[in-house]
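The whole structure should be built from the sequences, with the hints applied where relevant.
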Amino acid sequence: MGELKQLSVFAENKPGKIEKITKALADAGINILAISISSSGDFGVIKFIVDKCDDALKKLKEAGFTASLNDVLGIELQDRPGGLHSVVQALGNRSINVENAHVFVAGSRDRAYLIIEVDDINHTRELLKNDGLTFYNS
Amino acid sequence: MIWDKKAECMTQKQRESLQLERMQKTVKYVYEKVPFYKKRFNESKIKPAEIKSLADISKLPFTAKADLREGYPFGMFAVPREQIVEIHTSSGTTGKPVVAGYTRNDLAMWGEVMGRTLTMIGANQNDVIQNCYGYGLFTGGLGIHYGAQRIGATVLPISAGQTKRQLQVMQDFGSTILTCTPSYALYLAEVAEEEGITAKKLKLKAGCFGAEMWTEKIRDEIEKRLHLTALNIYGLTEIIGPGVAQECPKKNGLHIAEDHFYPEIISPDTLEVLPEGEKGELVLTGITREGMPMIRFRTKDVTALRRGKCGCGRTLVRMDRITGRSDDMLKIRGVIVFPSNIEKALLEVKGVEPHYQIIVTRPQFLDEIEVKVEITKKMFSDEVKHLEKLKQEIEDHIEEKIGLRIKVTLVEPKSLPRSEGKAQRVVDMRNFK
Amino acid sequence: MFWQQDLETIDRKRLEEVQTGRLQDTVQRIWDNVPFYRDRINSAGTKPEDIKSVSDIKKLPFTSREDLLKNYPFGLVAVPRESIVRVHTSSGTTGKPKAIFFTKNDIDRGAELISRCLVMTGMRKNDVLQNMMTYGLFTGALVMHYGAEKVGVLVVPSGPGNTDRQIALMQDFKTTAIHITPSYALYLSNVFIRKGIDPRKDLNLKRAYLGAEPYSEETRKKIEEFFGIDVFNSYGLSEMNGPGVAFECQEKNGMHLWEDNFLLEIIDPATGEQVSDGERGEMVLTSLCREGMPIIRYRTRDLASVMPGKCPCGRTHRRITRITGRTDDMFIVKGVNIFPQQIENVLMGIKGVAQNYLIVLESLDHMTVQVEIEKELFDGNVTHLVNLQNAITEKLKNEILVKPKVELHEPGSLPASEGKAQRVIDNRTL
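Protein chains in written order, with the numbering used here: chain G, 924 to 1061; chain Y, 28 to 460; chain C, 31 to 460.
Keep in mind that a hint or two might mislead.
Examples of chain C residues toward chain Y, derived with CB under 10 Å [said to hold, decoys possible]:
#, residue
1, Y102
2, E112
3, V115
4, H118
5, S188
6, A198
Just so you know, the hints here were simulated from the structure itself, not pulled from any lab data. In this text, all values refer to a predicted model and were calculated from it rather than measured experimentally. Where a beta carbon is used, it is the ideal one built from N, C-alpha and C, also for glycine.
Spelled out as structure tokens, the structure:
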């Protein structure tokens, strides 16, 4: 089972920083599917879901960025009122601590996923196995 | 070793006559020099000449912390200001702090009683005393310092904090005596273990620990982990600072320097003097102070007095380890904290509403205090850094006001328990048993 | 007014005799009791009996800060251990700090010198001194404390910080003098403005003693103006007792250096040769009376010059100018002496930190340390980075005693460490 990969790039909080990163990705022909920013005040980490993550990591490193690729868990969201709620409720019920989360719409544009960063993906998946959730699977 | 054999080992009868002489002198002195006492004595219809025996002290009115605050800053001084050469104040700040003024003679007497104290725990001129009590307005640091210089020991005036540096210095200089709060001693031991510094690498042999309540269990722990004899020290700013009482290695109570500080135990309810051995509130009278003698000062500390011979040869009366307070004062890391101060400081921060809880715990040995503050809807912003900033702002402000860094946790609106009557603002979860 | 008029106005010729006798005594004592010095003096081809006048000091070797670090902790002690009653040290744990030892007489003498200084500036026993320097291992507060008590001044040992309480104490005890760092004095003046307190009307302040940090004549004027007081410049270093080595009199024109206690030379730092009065150079000091730890020809690394001519106050001890610079890369923040090497040592010991760093000084009480994160250890987790940032801050504070602001930067974004990289950017105007 292939995990969903998320690309993280270290960024000092300076104007034009994101632009430089997105330009590097565009030049390399990488398609950005989702983006989120975690900021701590004077620096932040920009997170991307991209179509060719290994290429993207290589290109960014070549361009001198500090980047890494991490596994994240993608949980499918039902396209109806309360769709997100039922997922979040399951996470809460299992006392799963989410370090970061954002939403990503799959390439086919017919499904949306809640991307969560957790300490231990396999363990989290195990905890959620009976909650009727569908995980992203590449 | 006994620092002043004559004073510390005289017979009960000799001492009583010395105490009476000093008490009569002091009572007359404060009546003449301190308007506050003259007024108080007059109100109680007592004249200095009526003090004919030590028991007559019960005819005199008490002095409370509040009286000192009212007399702030110089109201309790018995000498002209230019004879006062040093000032100390209490660590907490409920409005006005308590001020203690010392003349040159008071400082000499302080050095002397601290010399006795340090000698009692086994220190002499060959020792290196690492003094981790805070230096400055707090009496702990300079009190120990003066005593150490009096007996000619080498003092390391390292003051509080910087734990790794403390341990480095302790090894480099071969410190033999440690003076700090019991909780800090345990913290030092803990960090030493983390750093792989075994007690064998240290040369510590004894320590006097005080400025907060502690237990026999903590003593065992300190002794086991730091390989030293852990002894209890007691003192308070209003009376002189440290040096009021000290435990000897026999570990059966703290010898009060009663030739300078006359002790009584009273019932906090009836205010009657209790017989020897009964538990009650300690009341102290400074019978040799020049700058600021206290008459029947109510310490609010709960203990009992024990007469009878001590194996160390001293005849000075012993008091039990302090087992409680007769008010709600807290001592955290040696600093006096009244919950109302934290409340006041908290409410001064813009945007904070009065829904908070002060939680006092002792997770292991070190007292911890935590403040939970509800944020208001208005304050809430999705940017984590704003909340982080607010939390810091509150922590900074409380530190500025009470002199202690306290962990603040922001909690969601309406998540703290509400009550109809008096809200439970302070939750003391420590266990002293 | 003088504290010790005969000593303070001593005839220069007589002073030289006193200095000669004390220098000979000091050299003999370290020759006899400090193996380090015996070797050093021997290697210089000198014997104690070669010292026949103060000008023979040139025959003696210098002592450097490194010598003190190397001999930490007890290497330079000249008396039996039981005669030592106090130890002071500089900051630092990864590299060794400096340790300075005092006997009972050293402490008394230090207090004597402070008494001279305070009385020289007009202090009397009815004055109240609020001592806002840090009490503890630093010499600043305690040496001043002992000296002020000797004069009979009321001392309020407030230490630094806790500004609201400082102000309350100043008002309540009618404080007439403060011992304070320039940065804290400037900070205080801002607080006063914010609170609407006019120190000229609402306080009893008459004078301030500024020390431990460099500051300019403009800053002095600013503080004098705002508080309506006289500001006196003070010079000292723990190697020579702490404060009280040199102090301004009421002329406020140069600091009288107590030459009966310290032998002063100004040298060209490059050649080690003495320069003449009025020429700027590095101050070199020899303690003439210290027992616990005498130090000869100590390279202070402080740049100053001797002011020629007599002072109208009548004191014959020569005056030095304000310190105008350093011959090494030491800098001062919040009154603490800091060497870039100390910061480097800490950073190199932390996992996740790359080798380049930069120290940016914006004011007397704030410093920023910029560090590069390690590329390989970046895992995309913000919490891990925040933890790293906090760990660096904590470790630096433990070493240099000042809490810096730590900034994380991308690898390769700071100037490279090849050759002699400039590690300190000083943007301060003093």
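At a threshold of 10 Å, is the proposed contact between S188/C and chain Y supported by beta-carbon distances?
-> With Cβ-Cβ at 6 Å, under 10 Å, it holds.
Is the shortest C-beta separation between A198/C and chain Y less than 10 Å?
-> This hint holds: A198/C lies near chain Y, its Cβ roughly 8 Å from the closest one there, short of 10 Å.
Would the hint on V115/C stand, with a C-beta cut-off of 10 Å toward chain Y?
-> holds (5 Å)
Is the interface hint for E112/C satisfied, with its Cβ closer than 10 Å to some Cβ of chain Y?
-> holds (5 Å)
Closer than 10 Å between Cβ atoms is the bar; does H118/C clear it against chain Y? Give me holds or violated.
-> Holds. Min distance 7 Å.
Given hint Y102/C near chain Y, where the shortest CB pair must fall under 10 Å | holds (7 Å)
The structure agrees with every numbered hint stated previously.
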